[in-house]
Amino acid sequence: MAVASSEKNAGPDDGQDAGPGKGTDRRRLISGPGMLLVWLYGVMVVGAVSRSAVQISTEFDKAPLAYSLSAIAGIVYGFITYSLVRGGDTARRAAFVCCGLELAGVLIVGTWTLVEPSAFPDATVWSDYGMGYLFIPVLLPLTAMYWLRKGVLRQQQPDVAA
Amino acid sequence: MLDVLTLVTGLAALALAAWCGFAASRDQPTKDWHFIGMAVVSVLALVQLVVGIVQLARGEEPDQGTTIFVAYLIGAFACIPAAGFMSLAERTRWGSITVAAGGVVLAVLEVRLYDIWGG
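Those protein sequences? They're chains A and B, same order as listed.
Sequential numbering from 1 applies to the first sequence in the working numbering.
Sequential numbering from 1 applies to the second sequence in the working numbering.
Okay, chain B solo, but in the shape it has when bound (with noise of 0.2 Å):
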């Protein structure tokens, strides 16, 4: 179960990366459609911290520790809405671009998630 949400959280930032990237590209700044895009990948990242916790409370042992664990799994939760709400101060190409850097991190942050949990 987290392993199929870590591998679809980490597609949806990238996706959510190159769309952006393209925006970024048209010189647009983010838009509707972005910030419906950006909370669609948040809420996979809070399903997957919920997810989380509750494998946690089953007795379940990360690989690499739970403090580690669960710090990872907030930050991917906080990666995405701290982006979006850059974007949101600043309305140019270059918020499309702090978004898109915040997919990319935060499909980092899923493989890394990937190998803490030891999948």
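Just chain A, with the same shape it has in the complex (with noise of 0.2 Å):
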């Protein structure tokens, strides 16, 4: 009930932001929803460029590949945030590539690390698919994924909210 309620609300104010922004500002990708996505991206970002740069920086040796693989994932949110938070038909673009890169790291190194242990002396962000973050590496892509691609949606149909 609250859902239809909070959708009722935001149809109106969507339909502003798209009609006049169209062409030429940039379409505000943190609206609603939005605001979430980026705050969890902003602690994604803290989290992993500062894990991986105080381990890379004090204790590279005991696990290069696990120390890499967290900044890697750092760049990579820090790289959705900056998209997210500028806005646009381009940043969506490529927040959308990246969503999907971060999903298919998540997995790739989720199993790798379940697979080979060995080879992850230490945890990176992405190990056991992000359990040590709440599972929140590997949920957030997705709902990252479903809120840009609803933007393309909401593009090309404003009027179906309102």
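Incorrect hints may appear among the rest.
Ranges of calculated distance between the beta carbons of each label pair, as one might list FRET restraints [to be verified]: (1) B/Lys31 <-> A/Leu65: 44 to 54 Å; (2) A/Glu116 <-> B/Trp33: 45 to 55 Å; (3) A/Asp122 <-> B/Lys31: 39 to 49 Å; (4) B/Ala89 <-> A/Gly132: 27 to 37 Å.
Here are some chain A residues the structure puts well away from chain B; computed CB gaps all over 10 Å [what the hints assert, rightly or not]: (5) Arg26; (6) Pro64; (7) Ala104; (8) Gly105; (9) Asp122; (10) Asp128; (11) Arg149.
Source of the hints: derived by calculation from the structure; they are not laboratory data.
Glycine included, each C-beta is placed from N, C-alpha and C at the ideal position.
Put the complex together from the two separate chains, hints included.
Right under this line is the structure:
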């Protein structure tokens, strides 16, 4: 019930955003649920980047593969966060592709850590599908891709929500 | 002292998360009272940051290293203000959900802080 009413409220706003913004202004990607996504991605950026920075600078030789993967994850998260904040259609597409990469990364690395634990003496952000981060790494790209896809539908049919 | 602060801050963060989650469930944005709540939690985190640094200055060592301890202290302090500013920019229920998520993140950070300090 609450969900239905929120969609009703969001409808006209989104229509206004898409209408005049089309062509000239960048479309905002961080209205509504997008804001929550930015927050969670921001947290992951801080988590992954600071973690890998500490580990690479102090004990890189212990698990070079794991720490490098954490650093790459941090960079991908950073790019997605920036794209979401920047807005616009190019940024939306770029963020969508990066979310796909992120999902592939989390699935591949997650499987890798389970199949061959010896390659990972220490954990990465993506170990065990991101279990150490409450599975946020695997849930976030799915949610983000859904959200960014919804942006496509809204642009093609701006009146569909209203 | 630090353990008590960690516990209190973690519980306050969870309470804030529940409160803002309740506001979101009623389709409300964050209001003045919520911001006062955020301020209280932020002050707790700031006190924790100061006490943590004082403990370090006295020569006490965290179990898992000073760098990680300080990084988590700073992260814990920045968490709620960041979420609060984002909820100012998003005056819908999604702003409330963002702050609620911030409360949960802070609670997780407090659990990690407890482990890192070795309480």
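Status of each hint after checking the structure:
1. B/Lys31 <-> A/Leu65: 44 to 54 Å: Hint holds: Cβ distance 48 Å, inside 44 to 54 Å.
2. A/Glu116 <-> B/Trp33: 45 to 55 Å: Holds: the Cβ-Cβ distance is about 52 Å, inside 45 to 55 Å.
3. A/Asp122 <-> B/Lys31: 39 to 49 Å: Check passed, 44 Å falls within 39 to 49 Å.
4. B/Ala89 <-> A/Gly132: 27 to 37 Å: Between B/Ala89 and A/Gly132, where Cβ atoms are some 30 Å apart, the hint holds.
5. Arg26: Non-interface label stands for A/Arg26: nearest chain B Cβ at 16 Å, farther than 10 Å.
6. Pro64: Fine: 19 Å to the nearest Cβ keeps A/Pro64 off the interface.
7. Ala104: holds, 25 Å
8. Gly105: A/Gly105 is indeed farther than 10 Å from all Cβ atoms of chain B, at 22 Å.
9. Asp122: holds, 13 Å
10. Asp128: holds, 17 Å
11. Arg149: Holds: least Cβ distance 18 Å, greater than 10 Å.
Violated hints for the displayed structure: none, as all numbered hints are satisfied.
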